[in-house]
Amino acid sequence: MVMELLVTTSLFLPWPFSGISCIIQGCIHHRGQSGFHIKLNMKSLITADFSAAAVLITFGALLGKVSRLQLLIIAFIEILMFAVNEFILLEELKVADAGGSMVIHCFGAYFGLALSFVLKRPEDTDNNAKEGSVYHSDIFAMIGTIFLWMYWPSFNSVLVSPAVDQQRAVINTYLSLVACCVTTFAVSAFINTDRKLDMVHVQNATLAGGVAVGTLANMIIEPWGAILIGFLAAILSVAGYKYITPFLDEKLHIHDTCGVNNLHGMPAILAGIAGAVAAKLADADDYKDRFVINNIM
Amino acid sequence: MVMELLVTTSLFLPWPFSGISCIIQGCIHHRGQSGFHIKLNMKSLITADFSAAAVLITFGALLGKVSRLQLLIIAFIEILMFAVNEFILLEELKVADAGGSMVIHCFGAYFGLALSFVLKRPEDTDNNAKEGSVYHSDIFAMIGTIFLWMYWPSFNSVLVSPAVDQQRAVINTYLSLVACCVTTFAVSAFINTDRKLDMVHVQNATLAGGVAVGTLANMIIEPWGAILIGFLAAILSVAGYKYITPFLDEKLHIHDTCGVNNLHGMPAILAGIAGAVAAKLADADDYKDRFVINNIM
Amino acid sequence: MVMELLVTTSLFLPWPFSGISCIIQGCIHHRGQSGFHIKLNMKSLITADFSAAAVLITFGALLGKVSRLQLLIIAFIEILMFAVNEFILLEELKVADAGGSMVIHCFGAYFGLALSFVLKRPEDTDNNAKEGSVYHSDIFAMIGTIFLWMYWPSFNSVLVSPAVDQQRAVINTYLSLVACCVTTFAVSAFINTDRKLDMVHVQNATLAGGVAVGTLANMIIEPWGAILIGFLAAILSVAGYKYITPFLDEKLHIHDTCGVNNLHGMPAILAGIAGAVAAKLADADDYKDRFVINNIM
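Protein chains in written order, with this note's numbering: chain V, 308 to 604; chain E, 308 to 604; chain D, 308 to 604.
Looking at chain V on its own, in the form it has when it is part of the complex:
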């Protein structure tokens, strides 16, 4: 039971480091200029928050394996790496990533899984009794799920240019989440031999649609596109919890405490692929004079 409080206090750890993120981003933006002033505005605070979100995702793969001091060191290094990765993707490669699926979710998940591979101890397995949930944890987790579900459209649209693009990002995210939620319930009941719902699926896979539509949330993908992405994300995520997490644990010795590969990793890869397809199919006429898709930076 002490696990719960450990998790709750650990969630506080990355936020302070978002302050460091502001400094690093300030340095990156001022490269080659004389003088040195870091501008702080809403955008830089939101980007800093996003970098903290990547650290939280990483923690999801590591909780229980590492001490709080180790988490602090990991957070410090990851914020640096996050800024470098974001700079390469968004500034150099000019990648479109409205909701940060690649920059935040994919990076955070696989950063955590790589660390988990290195730091795994013999007792870190899915069979560990402490890994199961207790009844009240499930209720608390549902509160978290509901809030994430509600705020995901805001998350995916906050750094998109206002009005038309932002409304499109909200609607696409909402449709993807709705499709993901239905599919998760159906697949979870279908995949379990007793036809019951698995609370882990309900708490996690219902959110995968938000990750999977993140990269292309502000693109013109039509409602059926958003719904298709949410549908695929749910199947991927539920199948991940059922088959891939145990496989990674047993065969590859990668232990994933909260299943971040299923909620963040694989749906983010789906987002990257879907984003590339949508960008290839995009017609400049549809976007008219607003063809520049906004990055999160």
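Be aware that a few hints might be false.
Identical copies go unnamed one by one, so any copy, or any two together, can satisfy a pair.
Restricting the straight-line Cα-Cα distance to at most 20 Å, the calculated cross-link-like pairs of lysine to any residue (SDA-like) are [to be verified]:
| # | residue 1 | residue 2 |
| --- | --- | --- |
| 1 | Lys558 | Arg428 |
| 2 | Lys549 | Asp431 |
| 3 | Lys427 | Ala586 |
| 4 | Lys350 | Gln474 |
| 5 | Lys350 | Ile498 |
It is worth saying that the hints were derived from the structure and are not from the lab. Predicted model only: the values in this text are computed from it and were never measured.
Put chains E and D on the given structure of chain V with help from the hints.
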């Protein structure tokens, strides 16, 4: 205790159907036109959410009596009926219903109670031991109550025209909720023989003022009008939990699991009556050139 | 355990009285004018909410010592005193207090502590077994802490003039909270002999930075200023829980149930001092034509 998780996951069920609501409303709005394009914007998503809210209210009368599969079928049919009812009230009869008290709360509650009458099994009574709450459920329910209380002014004003009308809707809803909250505490202590507060009243009746002022939230009803409505709603709601729910259960064989008649049904009827009175008394001079009261559609 | 529900329902008590606050403020604003109309708008509702916040802080010092009826009487009197104090500070002395640290937090905390001194019974001591927390209370309290942390920047900026000033208030509050959060974790681990974190510190002292920067949130204090204030607030608050609360309890017979002196009282005094320093150092050129700093009224 499994009830809690059943309730929590059931709350997710209606949202997917809100997608269906978008399609139905698209069909209604395009009747008689050539071509077929459904426009999705913030308003259609909010209306879809509102239809999901009606389904949630219906579930409140049915939880524990029906299987999840039955809930799915009910949700599907209710979304269709919701759209028909909303079309008749708002489009044909041109009824003013800013916060949807009639369209959402009244419809949802009595749809549920009618189903409850039909589906009632012998063991569904107020005397069922599973119907009582446990200590931690009460705390969780208080979190829900506080969030509903906080967001009710937004709920009643979201589809009202911005600035003046919206501010009026927020203030009227807030005043009604405040009056309702005070009155609930007083009446609950007064009505119990041991002068203690009943947690069911605190969790539910404190919100009845938001329902009861919904229809006329954006009308000029003066602060005393909003406070009077909240005051009456609290008395109605507490008396409902104390006397009317047992009466319905024993005499009419209508079992109301969460007491939706007390929080949604009767306060919504009050809202309809108060709305009719306020519309009758409305003076075009007060509203000046903005006499058109906005519907939620 | 009944304490939890008592606390939860007590949190509802002050809100109704915020309605009284609207009336009192209406009277104050119309002094010396003929006619009598109280204008209700968003600002008057927010100010009324703020007065309810002061009452909630006061309750933090009194919970467990007084009956609900006594709480009602206290809330009624405090709302009146709040309006008088606010009028003197903001209207007569023209004090700048953007986030209301002096008007809300300082007033609420010491109003409560004075009452606690008068109302203390022999059994009200820190050694009372009921004063400890149970595991689930700690989890619930963390939900409260996280929501307060998230919304504190909004709290400190809501009544500041929009755009530039408001953005500055948000950023200063955020930086102060971040610095406060880091420092709390460090100091809490350092101050405990077993180097463990104390949940009371994590739940409370992490928020002290928001109080301590409240008065000067919209002033030009540079990021280092905001961070310094958060740093000092955390040390003050953790040291308060560790040393000052037991001292007040044993030596001065002032019992502080929730430690409001540590989260609200002393950080608010720090805010007042920091605000005076910042106002003294303020350069009219920096603020250009916007030298008028906005009060919360």
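Okay, the hints, checked on the actual structure:
1. Lys558 with Arg428: within (15 Å within a copy, 51 Å between copies)
2. Lys549 with Asp431: within (18 Å within a copy, 37 Å between copies)
3. Lys427 with Ala586: Classified as neither; 39 Å inside a copy, 54 Å across copies.
4. Lys350 with Gln474: both (18 Å within a copy, 11 Å between copies)
5. Lys350 with Ile498: neither (42 Å within a copy, 37 Å between copies)
This entry does not satisfy hints 3 and 5, going by the numbered hints stated previously.
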